[in-house]
Each structure stands twice: as C-alpha cells, then as structure tokens.
Amino acid sequence: MVEGDWDIITGNHAAALAAKLARVNVVAAYPITPQTTVVEYLASFIESGYMSAEYIRVESEHSAMAAAIGAAAAGARTFTATSSQGLLYMAEVLHWAAGSRTPVGMAVINRSVGPPWNIHVDHQDSMSQRDTGWLQMYVSSNQEVLDTIIMMYKVSEHPDVMLPFMVCLDAFVLSHTFMPVKIPKQEEVDEFLPPYRPRHWALDPSDPMSFGNLTFPDDEYQEMRWSIDLSMRRALDIMEDVAEEFSEKFGRYHGGAIMKYGMSDADYVILTSATLASEAEVAVDIMRDEGIRIGLLKLRSFRPFPHRDLRENLQGKKGVIVVDRSISFSSGGPIGTEVRSSLYDITGSPPVINYITGLGGRDITYKDIIAMSKDAIGRISTGRLRRPYYWYKLKPEYQRVELTEEVMS
Amino acid sequence: MSITIHDLRRRESSYLPGSAACPGCGATIAFRIASRILGPNTVYVVPACCFSIIQSTYPRSAISAPILNFAFAAAAAAASGVQRAYKFLGKDVNVVVWAGDGGTVDIGIQALSGAAERGENIMYICYDNEAYMNTGIQRSGATPMKAITKTTPTGKQEMPKDMPMIVAAHRVPYVATASVGYPFDLANKLEKARKIKGFKYIHIFSPCPPGWDFPVEKTAEVGKLAVDTYFWPLYEIVEGKLRVTVKPRKKPLKEFIRMQRRFDSLKDEEIEEMEKLVMEKWNFLLHLEKSERVF
Ligand SMILES: Cc1ncc(C[n+]2csc(CCOP(=O)(O)OP(=O)(O)O)c2C)c(N)n1
Ligand code: SF4
Chain A
-8 MVEGDWDIIT
2 GNHAAALAAK
12 LARVNVVAAY
22 PITPQTTVVE
32 YLASFIESGY
42 MSAEYIRVES
52 EHSAMAAAIG
62 AAAAGARTFT
72 ATSSQGLLYM
82 AEVLHWAAGS
92 RTPVGMAVIN
102 RSVGPPWNIH
112 VDHQDSMSQR
122 DTGWLQMYVS
132 SNQEVLDTII
142 MMYKVSEHPD
152 VMLPFMVCLD
162 AFVLSHTFMP
172 VKIPKQEEVD
182 EFLPPYRPRH
192 WALDPSDPMS
202 FGNLTFPDDE
212 YQEMRWSIDL
222 SMRRALDIME
232 DVAEEFSEKF
242 GRYHGGAIMK
252 YGMSDADYVI
262 LTSATLASEA
272 EVAVDIMRDE
282 GIRIGLLKLR
292 SFRPFPHRDL
302 RENLQGKKGV
312 IVVDRSISFS
322 SGGPIGTEVR
332 SSLYDITGSP
342 PVINYITGLG
352 GRDITYKDII
362 AMSKDAIGRI
372 STGRLRRPYY
382 WYKLKPEYQR
392 VELTEEVMS
Chain W
11 MSITIHDLRR
21 RESSYLPGSA
31 ACPGCGATIA
41 FRIASRILGP
51 NTVYVVPACC
61 FSIIQSTYPR
71 SAISAPILNF
81 AFAAAAAAAS
91 GVQRAYKFLG
101 KDVNVVVWAG
111 DGGTVDIGIQ
121 ALSGAAERGE
131 NIMYICYDNE
141 AYMNTGIQRS
151 GATPMKAITK
161 TTPTGKQEMP
171 KDMPMIVAAH
181 RVPYVATASV
191 GYPFDLANKL
201 EKARKIKGFK
211 YIHIFSPCPP
221 GWDFPVEKTA
231 EVGKLAVDTY
241 FWPLYEIVEG
251 KLRVTVKPRK
261 KPLKEFIRMQ
271 RRFDSLKDEE
281 IEEMEKLVME
291 KWNFLLHLEK
301 SERVF
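Protein chains in written order, with our numbering: chain A, -8 to 400; chain W, 11 to 305.
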C-alpha cells in the first residue's frame, strides 16, 4: 500500500487507514465480527510505527467508548470501531459522548442484532441508536468509507458542531470486500484536516473546570439538549461545505447529507442508503432504459436528518420508494417514517411507499430494487396505498400470512 | 520521610467550602486529605456516587480541580482514556478515579479490572461507605455481613468482596487499605502511591453517619475503632509484598458494632461469631506479611 496511489483494499482496511491519515491520537477498541480486522489493522499500524497513537486494548465496548470520551475530554483526537452487540453495549456512553460534546470518531460495521446470532448486515444496530446525539453517516463504497471518516473529523470538530460521529458501513458487503481505493497522501490530509484543538472545554488542571455536575429542571439541561439539536442541524451545511472542500482537494465528491442520481427529470424517486444505494443506481439505469423516469436519492446522513434537502428534492414527485434495512417494530422503517413525516406538510407531498427488507443480511440486489420500485409505481397508479409499510422478500409462506393480516391504515 | 500534620496543613486541599455533603461525611475527610497529597495538578474522574452530589451542583463546584463526571460503570476506563491522551500529548497530570464502593466492587469492577490488568498509569481511590448511599442506602458487594440497608432490611446475609485483594491479584504495583480514622497512615499511603508509575489502588474506609446510623460527630472515632477492633485492617501491598501498617492493641469488636445502628439486628452471640472472622482475617494478614509475595 502506497499513500498517494491506488490499492485494492477492504472496507475495514479503509476505515483503519482513515484513522491513521486523520492522525488519531488515541484508539480504544474491542473486537467483534465483522469489525475485528479494523482493530487488528490499527494494532499493526501502531506497533509497526506506521501510525503514532496510544492504543487502549480495553476489556469491553462500554469501556472502549468510555476511554475514547476520556481521551477526547483531555484534548485528543480519538477513534474506535464496533458492530451490533458492541454498539448496543455502548448505548449508555454513546449518550455520554454527545452530551459531553466530545468529537469521538467511530466506524460502525452494520451487523444484525441477536438473537438469533447473525453476523451479516442490517442497520438495526445503528438505527436503534439514532437518538444518542451522534452524527450518523451511511456509505456505499470503500472509497467513501475512507473519505467520509476523514471528512467527518472536520465536521464533528467544527466549533459549531462538537458532536461525535459514526460512519456506518455494511458488514461483509463493504467490510470484507476488496475494492479499488485511492489512498490520499498524509501531507494532503494534514493540509485538509488540522490537529484537534478543543476550543470549548478540556480537562486541564491549569484551567480547572468540572464537567457533568448534577442539574435541576430549572438549570440549563433542556438548553443543553437544544444546543445538541441546534449543532446537529448546523452540521448539515458544514457537511456540505466540507464535502466540497474535500472534492476540490482530492477530486472526489460523495455528497454531503444526500447524493443525487438521475434526479433532474425523475417522476419517481428511490430513497435508500448504504450499499442498497449502489444497487439502486444500477436499478435506476435499467428502469430508465425501459422508459421509467426514476431517480435515486441516496441518504448519506441519517443524523442530522436532511429535511430541507428532502423537501426540495421530493416535492411534486409522483412517488418515493423508501427501502429500509431495519425495522421500528409496528411503526415502519426508520428512514421511511421520517421521510414521510418530513414531507407530510408540504404542498405536492408525494406518496411514500416504504419497504422493509434485507434483514439479517438477506441479499438484496438491483433486481429486488426494480421489483420494489415497480410494485410501488403500480400501487401509486392504481391507488392501492393501503399500508404504511410493506415487508419485501419474506419467505413465501410468511409473506402469505403477512398479506392476510388486517390492513393497518 | 513520613507526612506530618505540618505537611498536611501546608498543602492546599482541592475541597472548597460549600459542598453538599452530609455533616460528618467520611468521604469528604478522605477527599480533603487525598487532594492535599495529590496536589493541584490532578484530574478526577468521578462515577455516579455520593461525590456526584458532594462536589455541589451545576453551575457551582466545591472542588477546585477539574472533574470528569462519568457513567457509573466505566470510571476506570474513562480515566485510562484521559491518561493516555495526556501521555500522547506530552502532559504530566495525575489522573485519579474517585469512586464509591458500588462503582468499584460491583458495576465498575470490569472497567477497574481491565485498567489494572493493562497497567494504566492511574490512581484508583475507592471511598468505601459500605453501601449505595447516593440512592438512599442499598446493599453493595462491600456491605458487611449483617448490616441493615434498605435492600437488606433484616441484615445482609453475605460476606463482602475482598476488593483490595482482588485488585492485588492483578499484580499491580501498589494496593492499600486506609481509614479516615488514621489520617496520617492514609496520607503516607497516598504520598507513596503518587510516586509510583502504573496502577495504584487505595481503598479508604469512610464512615457515613446517615447510612450507618451513628451521631455525626463520631465519624473519626468510628473510622478509628474499625481499625482498632481489626474490623478494617490497614495494610499495603507494594510490588506484591504485604505489610500491615498499623497494629493497634485489639479492642473488642462490640465497641465498633454497637456504635452504629445498622448492626442493630446483631445479637451479642453473633458479635462473638464475627470476632472469629475478624481474627481469622487478621491472622491471615500477619501470615501473608511473612511471605515474599502475596501474588
Ligand atoms: C448504570 C447505572 N445504574 C444505576 C445508577 C444509580 N446509581 C447512582 S449512584 C448509585 C449508588 C452509588 O453507590 P456507591 O458507588 O457505593 O457510592 P456512594 O453513593 O455510596 O457514595 C446508583 C445505584 C446509575 N447512575 N447508573
Ligand atoms: S450519605 Fe454518607 S457518604 Fe454520602 S454524603 Fe452523606 S455522609 Fe457522605
């Protein structure tokens, strides 16, 4: 691997390289399939001298996140990575990271949540942590893994943001799949991303400050939560600016909060994220050849949620097909429900057809995206919009039961 | 050179007036002594415990040193992160965990064990009030047998964990027990630990008037009697070598027990039973004192 050159690497390798190129000071991590090779790469980088950082080989994910927060509170740039059970085990301290405004960086290799055990991709793990105050990005290629982690340090350390971030990549589909990746030169990344300097607070005996003291209802607790919300909303524009700056310097643009594909004259829009969005690109090309005017809106940032982008891009469309790889039980897909609520009160609000699919790593290809899109278009044109969401690719005997269930709407 | 009262008086404590502690709180006596020895170049990591309140509420602070308040289970991990960051950034700062017994022997034991095993260069101080006091007196793994708490209303049925020995089994360079009833012993242990690189553990017996139900002016006396009755022996383990640091003339356990109403369920015969356990532990420590290494 040569910096400044192309190489063929896995998503996990790209994540570890991004941490090295971002000059992370402290790594604290605990292994879990399929994230494990990230912690192994980092160990070999550090022990071989290729990367200069403290490596805390903690005894659990709860401690990994705790150590990362402690290190960030003392002024270090920090990184960790996890998956599934590990992310859920961190839940308490995920809130602590955002609440303490420490810009911790993390790669989440999206993996299904047990039981039963399943190491393959879906987004239940990170989607269920959407309200922790973390910026959440979903990516579609190994290049995007590497570039997004570097960009997100710049976003999350921005004085107007100061929130932790996770870059989510699909288990195995990216984490263990080799793809060509252009590795930036260290000097170029250094020019793009200056060292972390905490500007708001840090643990410093020469300027003693207590962090996290008990508050009462009339203290600023609610205002602190408001400020997280505000910072998160502000992060949307900052994300876009950073993506543009990155594109000028490195010649690659993956989008800010969203990425558009074939949107200009689209009647229908597929809205999805992560590697399903790559499949959706292929699906769009094929359906356009068939004469269907369809486009793709790839959701890169789930938190902050890009209401404005969605409203601007989806207003007046004939329909939006949202494909979720997780389920908020009895409510719908996390993306689907939010897209619908975002569009509900605008004029020209399009119907939103939400599909839940691909759980536990069930393979979803461009063919499935085409099938869902055509099903949705059929429903829209005949007015059969009976359910808030539809399960797709259940085994036939289960699908039969689902179809006989009373319609919920 | 041991610490004298003049040394202690000369050094500044990080404990300011106006804390939210109960009158007679043993934990604050421990902190006042500790912060004098540890000095101003110290950062404290505090998990959920009475000290979350004692330090006073937002936006005030009764502690003049920086504090990172942290989630209950992970103080030792957070402190590891703080220390490693300072190490990477080339800063020399004492990083100290200041935790209650619950945050140490129960929910925090995993993070503590991890940090000890990794040999993190931090000091872990457990102020032991022998129950969950912040939540209103519930039993912890450090609550002594027969003590009444709100979750053991007829008296706890189990023996407490021997936390100092559990930590010592990690072969860390320094482990000590201490009591607020023996302030100079405590101060000297802190002074010794402060200069050692690696994981240091000090477990301070910290009487709690409301939790143990004794008069607020008796904290020091209870802390001293615990040691003098051999209920809470004072020792240190330096690089595996154990030394009993205070060997008082034995007083009857009853004197210590009867000062606190938390032991009200104990009959005199039961105190005699407890005496046996106490002597067993004491003799065991004297035995360990003779060996080259405990672990
Ligand atoms: C994960 C979690 N569980 C429970 C609590 C509630 N809680 C706060 S402090 C405390 C007891 C603390 O006891 P200890 O560590 O002995 O310190 P003390 O209050 O006695 O000083 C508990 C149970 C919490 N804050 N977090
Ligand atoms: S309950 Fe006990 S330990 Fe807690 S502040 Fe009061 S006296 Fe101190």
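If you're looking for bench data, these hints aren't it; they were derived computationally from the structure.
Just so you know, even glycine gets a beta-carbon here, dropped at the ideal spot from N, CA and C.
There may be inaccurate statements among the hints.
Simulated DEER-style distance windows between Cβ atoms [said to hold, decoys possible]:
id: 1; chain 1: W; residue 1: Glu22; chain 2: A; residue 2: Met215; range: 52 to 58 angstroms
id: 2; chain 1: W; residue 1: Gly28; chain 2: A; residue 2: Pro150; range: 31 to 37 angstroms
id: 3; chain 1: W; residue 1: Gly49; chain 2: A; residue 2: Lys251; range: 55 to 61 angstroms
id: 4; chain 1: W; residue 1: Ser74; chain 2: A; residue 2: Lys173; range: 50 to 56 angstroms
id: 5; chain 1: W; residue 1: Pro69; chain 2: A; residue 2: Trp108; range: 44 to 50 angstroms
id: 6; chain 1: W; residue 1: Pro69; chain 2: A; residue 2: Leu376; range: 22 to 28 angstroms
Covered, in the sense of this in silico footprint (three residues per stretch, anywhere, with C-beta under 8 angstroms from a C-beta of chain A), are these stretches of chain W [as the list claims (entries may be wrong)]:
id: 7; stretch: 115 to 123
id: 8; stretch: 145 to 158
id: 9; stretch: 218 to 228
To see whether the hints hold, each was checked on the structure:
The beta-carbon spacing between glutamate 22 of chain W and methionine 215 of chain A, approximately 32 angstroms, falls outside the hinted interval of 52 to 58 angstroms. Our hint of 31 to 37 angstroms for glycine 28 of chain W and proline 150 of chain A holds, since their Cβ atoms are close to 33 angstroms apart. In this structure the supplied range 55 to 61 angstroms holds for glycine 49 of chain W paired with lysine 251 of chain A, their Cβ-Cβ distance being about 58 angstroms. A hinted range of 50 to 56 angstroms holds for the C-beta pair serine 74 of chain W and lysine 173 of chain A, which are about 51 angstroms apart.
Between proline 69 of chain W and tryptophan 108 of chain A the beta carbons are some 47 angstroms apart, a value that agrees with the proposed interval 44 to 50 angstroms. Look at proline 69 of chain W against leucine 376 of chain A: about 52 angstroms separates their beta carbons, and that is not inside 22 to 28 angstroms. Evaluation of the coverage hint for the stretch 115 to 123 of chain W: fulfilled, as 3 residues show C-beta separations to chain A shorter than 8 angstroms, against a requirement of three. Counting residues of the stretch 145 to 158 of chain W whose CB falls under 8 angstroms from any CB of chain A gives 0; the rule of at least 3 is not met.
Restraint check on the stretch 218 to 228 of chain W versus chain A: 0 residues with Cβ-Cβ distances below 8 angstroms, three needed, restraint violated.
Checked against the numbered hints listed earlier, the structure breaks hints 1, 6, 8 and 9; every other hint is satisfied.
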